[in-house]
Amino acid sequence: MLLELKNVTKDYPIKKFIFGQKGRVRAVDNVSLTLSSGENLSLVGESGCGKTTLARIILKLIPPTSGTICFGGRDLNPLSARQMNPFRRHMQMVFQDPYDSLDPRYTIRRTLKEALHLDQTLVKQTKAQEERIQHVLRSVKLPEMMLSRYPHELSGGERQRVAIARALMMNPKLVILDEAVSSLDVLIQRQIIDLLGDLQKTFHLTYLFISHNLKIARAVSHQIAVMYQGKIIEIAPTEELFRNPLHPYTQELLAAAVDYQAVESKQHPINPTGQLVDKGQGHLIFM
Amino acid sequence: MTKQTKSLSELDIAFQGFKKNRLAVGCAVLLGLLYLTAIFADFVSPYSYANEDRRYSYSPPTAIHVWREGRFTRPFVYGINSAFNDYHQRIYQEDQSQMFPISPFVKGDAYKFFGLIPCRIHLFGVAPEGRIYLWGADSRGRDLFSRIFYGGRVSLSIGIIGIFISFTIGLIVGGIAGYYGGRIDDILMRVCEMFMMVPGFYLLLALRAAVPDEFNSVQVYFAIVVILSFIGWAGLARIIRGMCLSLRERDYVLAAKSLGLSDGQIIARHILPHTLSYSIFAIMLSIPGYILGESALSLIGLGIQDPLASWGNLLADAMSIVHIKFYPWILLPALFIFLTVICFNVIGDALRDCLDPMLKSGKGA
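The listed protein sequences correspond, in order, to chains Y and X.
This note's numbering puts the first residue of the first sequence at 1, with every later residue one more than the last.
This note's numbering puts the first residue of the second sequence at 288, with every later residue one more than the last.
Treat the hints with care, as some may be off.
Claimed, not checked - In the SDA-like style, the derived pairs of lysine to any residue whose C-alpha atoms are separated by at most 20 Å in a straight line are: (1) Y:Lys15 - X:Ile471; (2) Y:Lys60 - X:Val513; (3) Y:Lys215 - Y:Gln191; (4) Y:Lys60 - X:Ile474; (5) Y:Lys113 - X:Gln552; (6) Y:Lys113 - X:Ser549; (7) Y:Lys22 - X:Ser533; (8) Y:Lys15 - X:Glu339; (9) X:Lys394 - X:Glu416; (10) Y:Lys15 - X:Gly547; (11) Y:Lys60 - X:Arg537; (12) Y:Lys15 - X:Lys307; (13) Y:Lys113 - X:Tyr467; (14) Y:Lys60 - X:Asp550; (15) Y:Lys60 - X:Gly551; (16) Y:Lys113 - X:Gly468; (17) Y:Lys113 - X:Arg556; (18) Y:Lys15 - X:Gln552; (19) Y:Lys124 - X:Arg537; (20) Y:Lys15 - X:Gly469; (21) Y:Lys113 - X:Gly547; (22) Y:Lys124 - X:Gln552; (23) Y:Lys113 - Y:Leu79; (24) Y:Lys60 - X:Asp473; (25) X:Lys394 - X:Phe327; (26) Y:Lys215 - Y:Thr202; (27) Y:Lys6 - Y:Lys113; (28) Y:Lys60 - X:Phe327; (29) Y:Lys141 - Y:Asp194; (30) Y:Lys173 - X:Gly547; (31) Y:Lys22 - X:Asp473; (32) Y:Lys113 - X:Ala555; (33) Y:Lys60 - X:Tyr467; (34) Y:Lys15 - X:Gly468; (35) Y:Lys127 - Y:Arg109; (36) Y:Lys15 - X:Asp472; (37) X:Lys307 - X:Gly319; (38) Y:Lys113 - X:Asp550; (39) Y:Lys15 - X:Tyr467.
Read the hints as simulated data drawn from the structure, not as lab findings.
Predicted model only: the values in this text are computed from it and were never measured.
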């Protein structure tokens with residue numbers, strides 16, 4: 001098992017004017033997930049449902065309120081920042097906005113080089129570092145002259161390739177793609193998705209794909225988990241989900257996204273004591 | 288058109304924009320000259336700052352002649368005779384029997400070049416029997432021209448050193464408060480506000496009063512720098528903190544975190560450099576504050592002490608209206624303060640214009 005989340009919950013406090021708390025917002029509610037090597041998972045859901053928060057919790061960029069995250073069988077929660085470093089090498093993230101995820105003052109070479117800093121074997125070896133940079137750059141199909149450029153000189157697609165290259169620098173096992181193609185236009189999206197497929201084979205990656213776009217999720221993942229109000233309400237193998245959506249919210253989502261049907265926006269009541277129930281063939285539904 | 292081969296960082300682009308602003312470039316050149324004259328004050332000025340001759344108290348600017356006995360000669364000055372008028376005021380007259388040619392690279396008062404190499408050569412001067420006062424003399428017959436350049440050393444350097452100290456504190460405090468937020472932020476910002484609450488000039492006076500009397504002039508100089516930066520850092524820290532609060536939410540900061548960079552590395556590499564464009568013009572706009580602060584202290588006699596010169600204590604002479612009426616040249620140091628402050632402000636404004644991304648996108652650059 002590559003990654004295992006157990007009952008992960010994240011609350012955000014709402015602060016009063018000076019002291020104390022008014023209350024709490026539950027951004028991620030009791031989420032359990034497993035990811036095995038090579039099996040891509042897509043996390044879909046509307047904006048604000050907690051997808052990005054969950055991704056950041058997995059990377060330990062923000063601490064969960066409760067629950068455990070196991071990577072390669074090791075619980076990450078009690079680890080200090082320093083102890084976390086060996087694990088950081090193996091899980092990387094590509095962010096939504098390629099205009100914001102690259103430091104505008106860094107040349108591409110410097111950005112990629114910085115990503116190598118955790119690799120102790122390469123620390124002093126400029127030549128080996130350079131080779132690694134060249135190799136990864138070729139893998140994401142960028143010309144070498146890009147290295148001395150600044151992000152503002154690149155197009156959106158090129159920047160996203162650089163961001164992917166940065167994530168690959170340390171040979172990670174898991175790459176979290178947080179809406180990694182949503183800000184690109186359709187043709188570039190296609191190219192990047194094809195590229196991600198190639199990279200998965202050459203670098204033996206596993207993707208956790210976060211998206212609100214069901215079509216993209218279908219193209220890249222083996223499994224899809226649907227998130228709603230911080231909970232995972234349905235999880236199923238990709239084709240099974242598209243063939244047979246069980247939860248009313250998933251049905252509505254599919255209707256809107258795939259068939260462009262007019263849907264009335266309505267609230268879906270969540271059973272506070274509900275649980276994911278197995279409906280067979282790896283299809284789980286929250287009820 | 289040739290294809291641009293070198294990639295430009297945002298700062299390079301901003302600098303190109305700056306070069307287009309002629310007024311600002313002119314100010315930068317002028318400021319550069321002022322700093323050069325301050326650095327080479329020993330060499331540029333004909334006399335040392337303490338070289339006095341009380342026979343020439345408040346001697347007016349010496350006239351330079353190039354015409355003698357019907358033909359051009361090299362520039363020279365006449366000797367000066369003084370007499371008292373009915374009101375016991377000195378009247379200075381040229382003594383045409385004596386003439387002193389102005390020669391370049393003459394030997395004069397000894398000094399140490401950069402404080403190391405003993406040297407006697409001055410850029411220009413006259414034979415020791417004559418006096419040349421390009422911009423008049425002060426009450427003790429010291430050359431104002433020389434003293435202004437020596438004064439520039441104090442007045443111009445105090446801004447740079449002061450801003451360096453307070454900016455270092457401001458960056459560290461603001462960076463930490465903004466990056467970590469929460470309780471650390473609350474505590475640090477309340478401390479800042481305590482400093483900002485007290486009116487600056489009174490705090491300046493109170494702190495100056497706390498400095499022991501027996502300090503020599505160098506110690507007083509550094510005491511003033513420390514006092515001025517002590518007052519100045521809080522405002523900077525607050526602004527840097529505000530910028531850091533927004534910068535830490537940027538994706539590239541999260542990316543750096545997920546790469547395993549430590550907080551210190553992230554603050555130093557990915558957060559503070561982005562406050563740079565603001566910092567540069569904030570520095571330019573706050574340096575005049577230090578120069579004026581030093582001048583104000585020296586003007587009321589609490590700063591640099593005679594015989595050392597600073598633009599502030601040179602102006603102390605000009606506090607009496609009678610002096611200004613009869614010896615208007617003693618106001619010249621004010622012109623230098625004025626020029627310096629204007630230059631820093633113009634450059635600061637120009638930098639803000641070319642570093643501000645909002646304005647830049649408006650121009651389509």
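Cross-check of the supplied hints:
1. Y:Lys15 - X:Ile471: Roughly 16 Å between the alpha carbons, so the hint for Lys15 (chain Y) and Ile471 (chain X) holds.
2. Y:Lys60 - X:Val513: 43 Å, violated
3. Y:Lys215 - Y:Gln191: 15 Å, holds
4. Y:Lys60 - X:Ile474: 27 Å, violated
5. Y:Lys113 - X:Gln552: Distance of about 14 Å is within 20 Å: holds.
6. Y:Lys113 - X:Ser549: At roughly 16 Å apart (the allowed maximum being 20 Å), Ser549 (chain X) and Lys113 (chain Y) satisfy the hint.
7. Y:Lys22 - X:Ser533: Status violated; Cα separation ~24 Å.
8. Y:Lys15 - X:Glu339: 69 Å, violated
9. X:Lys394 - X:Glu416: 13 Å, holds
10. Y:Lys15 - X:Gly547: Violated. Lys15 (chain Y) to Gly547 (chain X) sits at ~30 Å, over the 20 Å cutoff.
11. Y:Lys60 - X:Arg537: This hinted pair holds, its Cα atoms lying about 17 Å apart.
12. Y:Lys15 - X:Lys307: 49 Å, violated
13. Y:Lys113 - X:Tyr467: 26 Å, violated
14. Y:Lys60 - X:Asp550: 14 Å, holds
15. Y:Lys60 - X:Gly551: 18 Å, holds
16. Y:Lys113 - X:Gly468: Roughly 29 Å separates the two Cα atoms, so the pair is violated.
17. Y:Lys113 - X:Arg556: Holds: Lys113 (chain Y) and Arg556 (chain X) sit about 13 Å apart, inside 20 Å.
18. Y:Lys15 - X:Gln552: 30 Å, violated
19. Y:Lys124 - X:Arg537: 30 Å, violated
20. Y:Lys15 - X:Gly469: Judged against 20 Å, a Cα distance of about 11 Å means the pair holds.
21. Y:Lys113 - X:Gly547: 13 Å, holds
22. Y:Lys124 - X:Gln552: 18 Å, holds
23. Y:Lys113 - Y:Leu79: 26 Å, violated
24. Y:Lys60 - X:Asp473: 25 Å, violated
25. X:Lys394 - X:Phe327: 16 Å, holds
26. Y:Lys215 - Y:Thr202: 24 Å, violated
27. Y:Lys6 - Y:Lys113: 35 Å, violated
28. Y:Lys60 - X:Phe327: 57 Å, violated
29. Y:Lys141 - Y:Asp194: Roughly 12 Å separates the two Cα atoms, so the pair holds.
30. Y:Lys173 - X:Gly547: Given pair Lys173 (chain Y), Gly547 (chain X) holds - Cα atoms ~16 Å apart, limit 20 Å.
31. Y:Lys22 - X:Asp473: Holds: Lys22 (chain Y) and Asp473 (chain X) sit about 19 Å apart, inside 20 Å.
32. Y:Lys113 - X:Ala555: Holds: Lys113 (chain Y) and Ala555 (chain X) sit about 17 Å apart, inside 20 Å.
33. Y:Lys60 - X:Tyr467: 16 Å, holds
34. Y:Lys15 - X:Gly468: 14 Å, holds
35. Y:Lys127 - Y:Arg109: The hint holds at about 13 Å.
36. Y:Lys15 - X:Asp472: Between Lys15 (chain Y) and Asp472 (chain X) the Cα gap is close to 15 Å, so the pair holds against 20 Å.
37. X:Lys307 - X:Gly319: The hint holds at about 18 Å.
38. Y:Lys113 - X:Asp550: Holds, at about 18 Å.
39. Y:Lys15 - X:Tyr467: 17 Å, holds
In terms of the numbered hints stated before, the structure departs from hints 2, 4, 7, 8, 10, 12, 13, 16, 18, 19, 23, 24, 26, 27 and 28, listed from lowest to highest.
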